[in-house]
Amino acid sequence: MKRGLIKLALTLALLLALFHLLDISPAGILDRLRNFGFVVVAALLPLTLIPWLAANRWGYLLGLSGIKERMPVLWGLNWKAAFLGLFLPGSQGLDFFRILFIERRHPGSRGVAGSTVVIERMIGFLLLGLFALLALSFVYDEERFRPVLVLVMAMNGGLFLLVPAVFLVRWKAPEPGSSRNARMFGRALQYLHRLHQAVQRFPYRLGLLPTVLWIAALQLSLVTVVHLLFLAFDQPVPFVQNLLLYPLIGMLTVVPLTLSGFGVREGAFVFFYSLVGVPAEVAVGVSLLTYLLLIGIPSLLGGLLLLFDRDGQTGIPRG
Numbered sequence: 002m003k004r005g006l007i008k009l010a011l012t013l014a015l016l017l018a019l020f021h022l023l024d025i026s027p028a029g030i031l032d033r034l035r036n037f038g039f040v041v042v043a044a045l046l047p048l049t050l051i052p053w054l055a056a057n058r059w060g061y062l063l064g065l066s067g068i069k070e071r072m073p074v075l076w077g078l079n080w081k082a083a084f085l086g087l088f089l090p091g092s093q094g095l096d097f098f099r100i101l102f103i104e105r106r107h108p109g110s111r112g113v114a115g116s117t118v119v120i121e122r123m124i125g126f127l128l129l130g131l132f133a134l135l136a137l138s139f140v141y142d143e144e145r146f147r148p149v150l151v152l153v154m155a156m157n158g159g160l161f162l163l164v165p166a167v168f169l170v171r172w173k174a175p176e177p178g179s180s181r182n183a184r185m186f187g188r189a190l191q192y193l194h195r196l197h198q199a200v201q202r203f204p205y206r207l208g209l210l211p212t213v214l215w216i217a218a219l220q221l222s223l224v225t226v227v228h229l230l231f232l233a234f235d236q237p238v239p240f241v242q243n244l245l246l247y248p249l250i251g252m253l254t255v256v257p258l259t260l261s262g263f264g265v266r267e268g269a270f271v272f273f274y275s276l277v278g279v280p281a282e283v284a285v286g287v288s289l290l291t292y293l294l295l296i297g298i299p300s301l302l303g304g305l306l307l308l309f310d311r312d313g314q315t316g317i318p319r320g
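In our numbering, the protein residues as written are 2 to 320.
By construction, these hints were calculated from the structure, which means they are not laboratory data.
If you're wondering where the values come from, they're calculated on a predicted model, not measured in any experiment.
There's no promise every hint is true.
Claimed, not checked - Below 20 Å or equal to it, Euclidean Cα-Cα: the simulated SDA-like pairs (lysine to any residue) are:
#	residue 1	residue 2
1	69	109
2	69	44
3	69	132
4	173	111
5	173	197
6	173	195
7	173	188
8	173	205
9	69	110
10	69	205
11	173	183
12	69	204
13	69	112
14	69	173
15	173	190
Unchecked claim - Derived DEER-like restraints, expressed as beta-carbon distance ranges:
#	residue 1	residue 2	range
16	159	201	34 to 40 Å
17	307	159	32 to 38 Å
18	175	41	29 to 35 Å
19	53	293	28 to 34 Å
The beta-carbon is built from N, C-alpha and C at its ideal position, and this holds for glycine as well.
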């Protein structure tokens, strides 16, 4: 509870500092929003294409792991996890609940079911790094993009060191201790061991290409939302520049500093898009609208599903 309050305070402090230092006002942001039709088009994607791609991506990985799940169920699980993930730090809190939900639905595949979330996120991060690297080769300007080059190389270097380590590391979970806390800690380690083994044993050769295509299509649809929102602010940022900058922002918001990445994301939008001449008010406006559309809409739907959910396997977790 105390840690959550600290992160909430940090979130608010970052947002207030950003608005104050850059002299940004909500009225100024709204004044620059001139082509609302692009917002409407962008809002359709989180309701149609994006959840369809996300559910099919997850369903395909589950199928390769020998687990069958209906697409409407996966849509619902993703939305519910998005709602609950709002209360965790960083931008990927929903993955914790996706793992929890799918494990509850398939207790006979403990570790294997949850590993599909880890695998898609791992491949997704690698693709984000690859997209950023490819896009940088098209738009690189030494004077403007030197900080971006450093971050792209650091991100890709870190990923290509981390991923092999996932497959090379071998470890064994200790037996649970006698005390209650020791038993809980031991069970958690045993589950993580199962999860790790499932990630290592996944049939990558059998389904890697379709998995990459599903994940790439989803990520490109997310970048498309950002591209449309810049058009809504009458700021036609080339798609290839969004393909370079948005993955960097996404990686930065994974760091669990603030609730849902607030403050960090807006600051990153301002910094990176200032390199291509985007005014601070527009960058913050696009950041907030991106969050509203990509997280807010699914979270609202997930909250409604949880409100009327009678399936104990996907309800709000209780101690």
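* Asked: Is residue 69 close enough to residue 204, meaning Cα to Cα at most 20 Å?
  -> holds, 16 Å
* Would you check the hint for residue 173 and residue 111, treating anything up to 20 Å between C-alpha atoms as holding? => holds, 17 Å
* Asked: Between residue 173 and residue 183, is the straight-line Cα distance small enough, at 20 Å or below?
  -> With Cα atoms ~16 Å apart, residue 173 and residue 183 stay inside 20 Å; holds.
* Proposed proximity, residue 109 with residue 69 (alpha carbon, max 20 Å) -> holds, 12 Å
* Asked: So does residue 175 sit 29 to 35 Å from residue 41, Cβ to Cβ?
  -> violated, 55 Å
* For the pair supplied as a hint, residue 69 and residue 110, confirm whether the alpha-carbon distance does not exceed 20 Å. => Holds, because 11 Å separates the two Cα atoms, which is no more than 20 Å.
* Has the given pair, residue 173 with residue 195, been kept, meaning a C-alpha gap of at most 20 Å? -> holds, 10 Å
* Given the hint that residue 69 pairs with residue 205, test it: the Cα-Cα distance must not exceed 20 Å. => holds, 18 Å
* For the pair supplied as a hint, residue 173 and residue 205, is the alpha-carbon distance within the 20 Å limit? -> violated, 23 Å
* To do: Take the C-alpha atoms of residue 69 and residue 112, compute the straight-line distance between them, and say whether it is at most 20 Å.
  => holds, 15 Å
* **residue 173 paired with residue 190 [C-alpha distance capped at 20 Å]** => holds, 9 Å
* Asked: Holds or violated: are the alpha carbons of residue 173 and residue 188 at most 20 Å from each other?
  -> holds, 12 Å
Violation of the numbered hints given earlier is confined to hints 2, 3, 8, 14, 16, 18 and 19; the remaining hints are satisfied by the structure.
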